[in-house]
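Residue numbers (this note's numbering), protein chains in the order written: chain A, 1 to 429; chain B, 430 to 593.
One thing to keep in mind: the hints can contain errors.
Unchecked claim - Here are the simulated DMTMM-like pairs of lysine to aspartate or glutamate, each with C-alpha atoms no more than 20 Å apart in a straight line:
id, chain 1, residue 1, chain 2, residue 2
1, B, Lys508, B, Asp485
2, A, Lys45, B, Asp432
3, A, Lys45, B, Asp443
4, A, Lys423, B, Asp485
5, A, Lys423, B, Glu439
Said to hold, decoys possible - Simulated restraints, written as ranges between beta carbons of each label pair:
id, chain 1, residue 1, chain 2, residue 2, range
6, A, Ser39, B, Ala513, 41 to 47 Å
7, A, Ser39, B, Thr458, 57 to 63 Å
8, B, Glu544, A, Asp170, 48 to 54 Å
These aren't lab readings, by the way, just hints derived from the structure by calculation.
Here a beta-carbon is modelled for each residue, glycine too, at the ideal position from N, C-alpha and C.
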Amino acid sequence: MSATTTTSTSTSTSTVAPEPRAARTYDVDAIRRDFPILSTRVYGKPLVYLDNAASAQKPMAVIEAEQKVYESLYANIHRGVHYLSVHATDAYDAARETARAFLNAESAHEIIFVRGTTEAVNLVAQTYGRQNVGAGDEVLITALEHHSNIVPWQLLCEEKGARLAVAPIDDSGALELGAFEKMLSPKTRIVSVAHLSNALGTILPVRRIVELAHARGIPVFVDGAQAAPRMPVDVRALDVDFYAFSSHKIYGPTGVGVLYGKTALLEAMPPYQGGGDMIRSVTFEKTTFNDLPYKFEAGTPNIAGGIAFGAALDYVNGLGLTAIAQHEHDLLAYATAALSEIAGLTIVGTAREKAGVLSFVLEGVHPHDIGTVLDREGIAIRTGHHCAQPVMDRFGLPATARASFGLYNTRGEVDALVAGIHKVIGMFR
Amino acid sequence: MSDLRDLYQEVILDHSKRPRNFHAIADATRKAEGYNPLCGDRETVYLVLEGDRVRDVAFQGAGCAISTASASMMTESVKGKTRAEAEALFARFHELITGKNGEAKESGPELGKLEVFSGVREYPVRVKCATLPWHTLKAALDSEGAPAVVSTESEGPNAESGGA
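The shape of chain A in the complex, shown without the other chains (with noise of 0.2 Å):
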């Protein structure tokens, strides 16, 4: 698949190389050492992170390509004739190239750099959700979203009096493919899913999801947040209309991420944000907006971040996804056997498709006890609702512990985590 084999233009403007040495093997203890954060120390105790699917931590290349953008290539980009603007374009458009590649969309112009996935989404509600979906229509999601891609699709309905149907999941976090299938109507104007579930790991059967909803003339978002940094994603392999992901989650700094879509559905779409770098021509009377994908790209950009995004993305291939893919696959094994085997722990999301994600609840301890006592273990883990309210609902808990893995994780830390949650139980019970 060429999201993992991509060698990037982005190299030719130095800003930063990809990292040969661990394309061979999986070396996770030499990557552990291109992540300076990972050997902090919290209460005197190693750091073991695995709150990846909140936010990942940052290579040195990704550090340094930030740094080097206001050391020696900063400018405003698509404006000067200067020579720091046009390297500093120059750069901009190399990250856009990177991320088409990583995507293996068809055109850097289907590309869009907007703040992150929840940005995306409420791009494409507030455009081309607006034209498209009228009173009585459907938008349909799943019950295991996140709620950036619950929120903005009711704020859509609400404004037209249009209906947000919920394609149902079952016991183990699975999506109901029977159940979508039969709630794809006429009225239904766009689906939106996710690749990855953030709160269960589950993931959804997109190929499938797409030709269900286009052998319906029906469009698909995918919300690619935690899939994107976890799996080899080909938007043209999976046929979908719409790809977002966020760099943050990627191993790139935040406040960047990507919108695909494909040509003639942005080029049908009206603008976004209305300002600079979107306009063709302007005057008080009218004006002619840009091509893409400048028309949805108003104003000037996280310049710095997205030229350090498309290092994260020359990182993440150096490694290969596959790779990546298989370390987190394995480690995701080993912590389901190793914590299917502590009495009174019940994991939440056990569908046969998963990556990435292990929540689960402890009888008897509220999931912030949990993470209080693993934090003092220098155990990072989130613990809540994840954003996912209804996924909690559906499960009847007010909040689950979940432990998300990154590339560069190990079995170790997995069997710290297991240590923890043993002393949270000689604590509490």
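Using the hints, position chain B against chain A.
Structure of chain B alone, referenced to chain A:
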């Protein structure tokens, strides 16, 4: 650095495992529901007010060890007190767990066994857990007939801890 045992003292663990006054009151004259949307904790506080005095108080709900123990010990502490005494106790308790000394420290009531919550101040993200039952009690005291709902997130950013 504080030890976990400073937070989870034996008295707190005991109350979290065996909460006192943990039931509904059918003939409650006031009640309120407290909700912490960040962790999903929900607690309902039931009150029987006799004039200005708390004749009976109880709670129900699901929460973490800190919020459950806080609710349990709160019910024991405010039973028999006047409304003004209960509110003064909350002010003093709030100062204890946030480490912010205000007027209540000088003039307020003795906290007694509520002092075991002093360790919470080393855990700023847990302050809301300890205060949820007290906010709910206050909402119940303030409610006139209709049941009230209070949220830890309803007072604007950093209303409680400044660190959560």
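Here is how each hint holds up against the structure:
{"no.": "1", "hint": "B:Lys508 x B:Asp485", "in the structure": "holds, 6 Å"}
{"no.": "2", "hint": "A:Lys45 x B:Asp432", "in the structure": "holds, 14 Å"}
{"no.": "3", "hint": "A:Lys45 x B:Asp443", "in the structure": "violated, 29 Å"}
{"no.": "4", "hint": "A:Lys423 x B:Asp485", "in the structure": "violated, 38 Å"}
{"no.": "5", "hint": "A:Lys423 x B:Glu439", "in the structure": "holds, 16 Å"}
{"no.": "6", "hint": "A:Ser39 x B:Ala513: 41 to 47 Å", "in the structure": "violated, 54 Å"}
{"no.": "7", "hint": "A:Ser39 x B:Thr458: 57 to 63 Å", "in the structure": "holds, 59 Å"}
{"no.": "8", "hint": "B:Glu544 x A:Asp170: 48 to 54 Å", "in the structure": "holds, 49 Å"}
Hint check: violations occur at hints 3, 4, 6; the rest are consistent with the structure.
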